[in-house]
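Participant: Full structure from sequences and hints, please.
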Amino acid sequence: MTQHTLPHSEAFRAGKSLGIDHLKLGVWLFLASEVMFFGGLIAAFLHYKVNAPSSQAGLLSVPLVGANTFILLTSSFTVVQGLAAIRRGSRDGLVRYLSITILLGAIFLAGQAYEFSSLYRDGVTLQSSVFGSSFFTLTGFHGMHVFIGILWAGSTLLRAARGRYSKEDYAGVEVFGLYWHFVDIVWIVLFTIIYLV
Amino acid sequence: MNLRRIVTLVVLAVVLIGLGVLVASTVNLMPEEASVQAQMVDRLFRLLMGIATVIFVAVEGALVYAVVRFRRRAGDDTDGPAVHGSTTLEAVWTAIPALIVIVIAFVSFRVLAASAVREAEPVVVEVVGRQFTWEFRYPEADVTSTELHLPVDRQVRFEITSDDVIHSLWIPEFRIKQDATPGRVAEMVITPTRLGRFPIRCAELCGAAHAAMTAEVVVESGEEFAAWLEGQRGAGLPVSPGDLGRRLFSQYGCNACHTLADAVAAGVVGPSLDGIGAAAGSFVPGLDARAYLEQSILDPEAFVVEGFPSGVMPPNFGDRLTGEELQALVDYLLSQ
Amino acid sequence: MAADTRAPSTPRRTGYGLVYLVLAAVTALELWITTLGLAGSVRTPIFLALSFLKASLVAAFYMHLRSDSRTYLFVFILPVAMVVVFGLVMLIR
Amino acid sequence: MSSEPLAAPRPNWRRYLTWNTDHKVIGVQYIVTTFLFFLLGGVLAVLVRAELIRPGQDLVNGEEFNRLFTNHGSLMIFLWIIPVLAGFGNYLMPLMIGAQDMAFPRLNAVSYWIIPPAGFLMISSFFVGAADTGWTAYVPLSISAPDGQTLWALSVALLGVSSILGGINFITTAITMRTEGLTFDRLPLFVWGMLATSILMVVATPVLSAGLVLVALDRLVGTHFFTVAVGGDPILWQNLFWFYSHPAVYIMVLPAMGIVSEIFPVFSRKPIFGYKAIAASSMAIAVLGLLVWAHHMFSSGMDPRLRIPYMITSMIIAVPTGVKIFSWLGTIWDGKIRFNTPMLFALGFISMFLIGGITGIFLASIPVDLHVTDTYFVVAHLHFVLFGGSVSAVYAGLYYWFPKITGRMFDERLGRAHFWMNFIGTNLAYLPMFLAGLLGMPRRVADYAPEFTTLNVLASIGAFLLATSTLPFLYNAIVSWATGPRAEANPWRARTLEWQTDSPPPPNNFPVSPRVTGGPYDYGEQAPAKPLTPAPAAGK
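Residue numbers (numbering that gives the first Met the number 0), protein chains in the order written: chain D, 0 to 196; chain W, 0 to 335; chain X, 0 to 92; chain E, 0 to 539.
These aren't lab readings, by the way, just hints derived from the structure by calculation. All figures in this text were calculated on a predicted structure; none of them were measured in a lab. Treat each hint with caution, since some may be false.
Said to hold, decoys possible - Part of the chain W face toward chain E, derived, beta carbon under 10 Å: (1) Arg72; (2) Ser85; (3) Thr86; (4) Leu88; (5) Thr93; (6) Pro96; (7) Val164; (8) Val184; (9) Ala185; (10) Glu186; (11) Val188; (12) Cys201; (13) His209; (14) Ile275; (15) Ala277.
As the list claims (entries may be wrong) - Just the calculated beta-carbon pair ranges, DEER-fashion: (16) E:Val220 - W:Arg156: 32 to 42 Å; (17) X:Ile91 - E:Ile423: 45 to 55 Å; (18) E:Pro116 - D:Trp151: 53 to 63 Å; (19) E:Pro303 - D:Asp168: 24 to 34 Å; (20) D:Phe69 - E:Pro303: 11 to 21 Å; (21) W:Gly221 - E:Trp419: 57 to 67 Å.
Ideal placement from N, C-alpha and C gives every residue a C-beta, glycine not left out.
Facilitator: So this is what it looks like as structure tokens:
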């Protein structure tokens, strides 16, 4: 292998030629590992749903959670609207949509908290049955991810308010969006396997 | 390739395969063959040994040959030939192993199917694994024993489960192994072919006394087996309380962990119980021998003897022993 | 790794809006089906298909997998496929 | 390399003890830290073999014995082999692809700094009743185990996070940071190995994390995932565990295969034989490796119908593995072999890994597996793969890149002594175990039937020899690092990029970004190649 004189700025050309931004690829790989983590919890939940069915599953309230699902879907929409806004160069648009996203995320968590507490009142707890254990663990970890998403959205919001991001530089917003949409997709799956099927 | 090279290869191949056949037919690394299934497994094992020998000798041989033949000669600082590969060769050494493993998989499948064939009216034995003892139940005869008795040349169906953690029933001479998993009943069939006594070992780590969780299988003639079952049923009404206590002592697996000469027990996991009757009263002030023994059986953590691990003896004897059994056991120990 | 040089495109907002409407409609449809009291054997495949549709829409449009480099798609598909395999195996006791 | 504070040649050795984002510093931090855990795990192994040199429980009791081998296995797997190979990846990948650093330098430092506390956590569990349920931690035994089991789960989960972050970093680096001209068909095979391993780290590790969460919740919160009485299922844990822990074997072997693939061409002065096949087989092993996990559960009572597909996939993995071994033979074949220490260990790798590979076929064949699983046959098999295989390759790599990392040459005589002690010790320690297992000795027992005494004495002697064999290595590494003769940039006349810069490399790796114009293994006089003897495949 021979060497030729190239300035360091040229160093990463081969990678760039794939049109791949390394921050974005890193986040996608992180999401891949998240898929597997939830995959493990989901497999455990399904294993017990099929092999150790519990009457407690009947206590779930589909309408309430259905409403919550709408909220989360909407929050994904506001996130892409925010991204579109900053791509147009409108930082105010980004700030506005991010605030709505945070609000929607908070409402979703409130709804989940209400669901959990009412289930506990009906005697469905982490310790009440295999169903209780796997249900609260699975949905709880998703809720935790929504919470982290809210924090991430908040920090993105602050940076935007401080004048970060622009028409050309919106990678930070985009990768936050990837995470948020992933959490949304996980919920789409959980909603189906826990409440609908 | 020139003729000389082809001949060399053919000769090499013949020698190797011959060697493989030789090893497969002569070398025996397995214990005694005591069941129909063992014969099947060993045939498969010998086949694998033959193939393994060929591969092993071929590769290690080529390695040693290359190391000797192609070592750098002193003062030679040139490079070797710029060979980057050979599609033919790579195809060959991808295809041949693929072929071999497909054959092995197929044969293994056949053996697996054959060794699991169910025969009419087998002897049914329910096996329960417990820390750290095996319990064998004969539902038809309503007999329970810690020693496994089987009639020769008749299929046995084991229904294996566990009371606490995962154990694994392994009888090397039968070439079978099946985990005893709590909450599941696993079935396994075996047909003993040889009279005699063979060891039973627990093969899944099950706690501090895992190594001590052994038992014996006695393969005997149909008549002897029937007689034994009869005798066991009779044993329900013991002659003297001593006999009852002695049988309880091994039935509940005390013998797995404790030494007690009278019960021919030599466990080393827990303290020796020789002479316990005399000593028991002196351990805890204000507690007489009987109370001390009862409490030690019902609540093993109450007094853990110096130098022995705690948390080893199962805490559930209170539920498993009936009141009479507990009394009999304590009486028996006091008499020691 | 697919060496794919297509640069990320900028989908129009209406694209996002349309996807949102579909997602909302499908969810409404799902909730409506729950009220029909269909047999599980009928319900389950319908729900699985619908949720797969929703998830794919979000991934393809909101996460730009449709227009972005295939490398990202590969990175996302492999684990999803593995989860499906693992999940199916775990259904069997 | 064990204790660089004593031995670092340059005054600025302190940077190895501080937060530092230079991939070369982090690589050394990984290697040195994990080597200390390796020594600790070795001490535990010596104690285990000392107890087993005689039947009867005379040195430790059953419970203490369980703690010893549980932590031996956990240290060796989670705190030695997996992270030390990540250390090699950290040090070498950016150099090999002509980059200045990893894609995420700070994340890289984070992945390292998770390891010391995680290791401390695992060791400290000895003071609260150490984990004693084997590295497999089967439930329900591990639910009722002492508190140390919780610390163990926490430690393993942390190491999993470190591993996942590392994998993300490696993949991103290999894809986006390659210098100009370094196309995928010119990527050094070690980088291919790290790439395949990283895929497994990212895809398989989180499933174990999920399983550990369930165990921890059962132990701490009182959930019922594994409470049999209310429907909990122990087999669920086995699936979650092995979905990670079988790929983990490939996580521990693929980079090792990469290391020897770097060494054979250099010391045979020949191009690697079948570059594409070796690179492709790494990927094939990675993907297949995700589909074989349940072959560890043939005797578990899982649905019998399921066992067949797992037997088949497990068998098929032998094919890409064989391709690698034959390609290495093809590489040294007709070469001009130099027997420096790295080459000795690489050759030892082939000869011993082969035994591990062949016995793997026995274990994949269900009827035979039902006899040998959970016996010393398995113990022997996995040690031939992970010690005769991976650890030999790690030693080969440590010697091969020692001049690059330290800027000094090691002592060849000591290196050879180390190799022969290690080679003889490995075979003496593990070959008898195959026989013990076949004849009826279960694994993980503190006591055994007298008929196994001779085999166990041999194994113990081998183990003690292995323990002693680390002394010449330690002496060699420390003294050579401090006072060894200065190494030139490229002492082995190798062609990969890491050798095209100073030893040790400057902070930015290369004075100017290299532009790659050729393959990494273009050795050999360019004269028309002689026809190649297909003897490596001849036997079959």
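Participant: Run every hint past the structure and note whether it holds.
Facilitator: The hints, checked one at a time:
no. : hint                            : verdict
1   : Arg72                           : holds (8 Å)
2   : Ser85                           : holds (6 Å)
3   : Thr86                           : holds (9 Å)
4   : Leu88                           : holds (5 Å)
5   : Thr93                           : holds (6 Å)
6   : Pro96                           : holds (4 Å)
7   : Val164                          : holds (4 Å)
8   : Val184                          : holds (8 Å)
9   : Ala185                          : holds (4 Å)
10  : Glu186                          : holds (9 Å)
11  : Val188                          : violated (12 Å)
12  : Cys201                          : holds (7 Å)
13  : His209                          : holds (6 Å)
14  : Ile275                          : violated (20 Å)
15  : Ala277                          : violated (26 Å)
16  : E:Val220 - W:Arg156: 32 to 42 Å : holds (41 Å)
17  : X:Ile91 - E:Ile423: 45 to 55 Å  : holds (47 Å)
18  : E:Pro116 - D:Trp151: 53 to 63 Å : violated (25 Å)
19  : E:Pro303 - D:Asp168: 24 to 34 Å : violated (58 Å)
20  : D:Phe69 - E:Pro303: 11 to 21 Å  : violated (46 Å)
21  : W:Gly221 - E:Trp419: 57 to 67 Å : holds (59 Å)
The structure fails hints 11, 14, 15, 18, 19, 20 (numbered hints given earlier, in ascending order).
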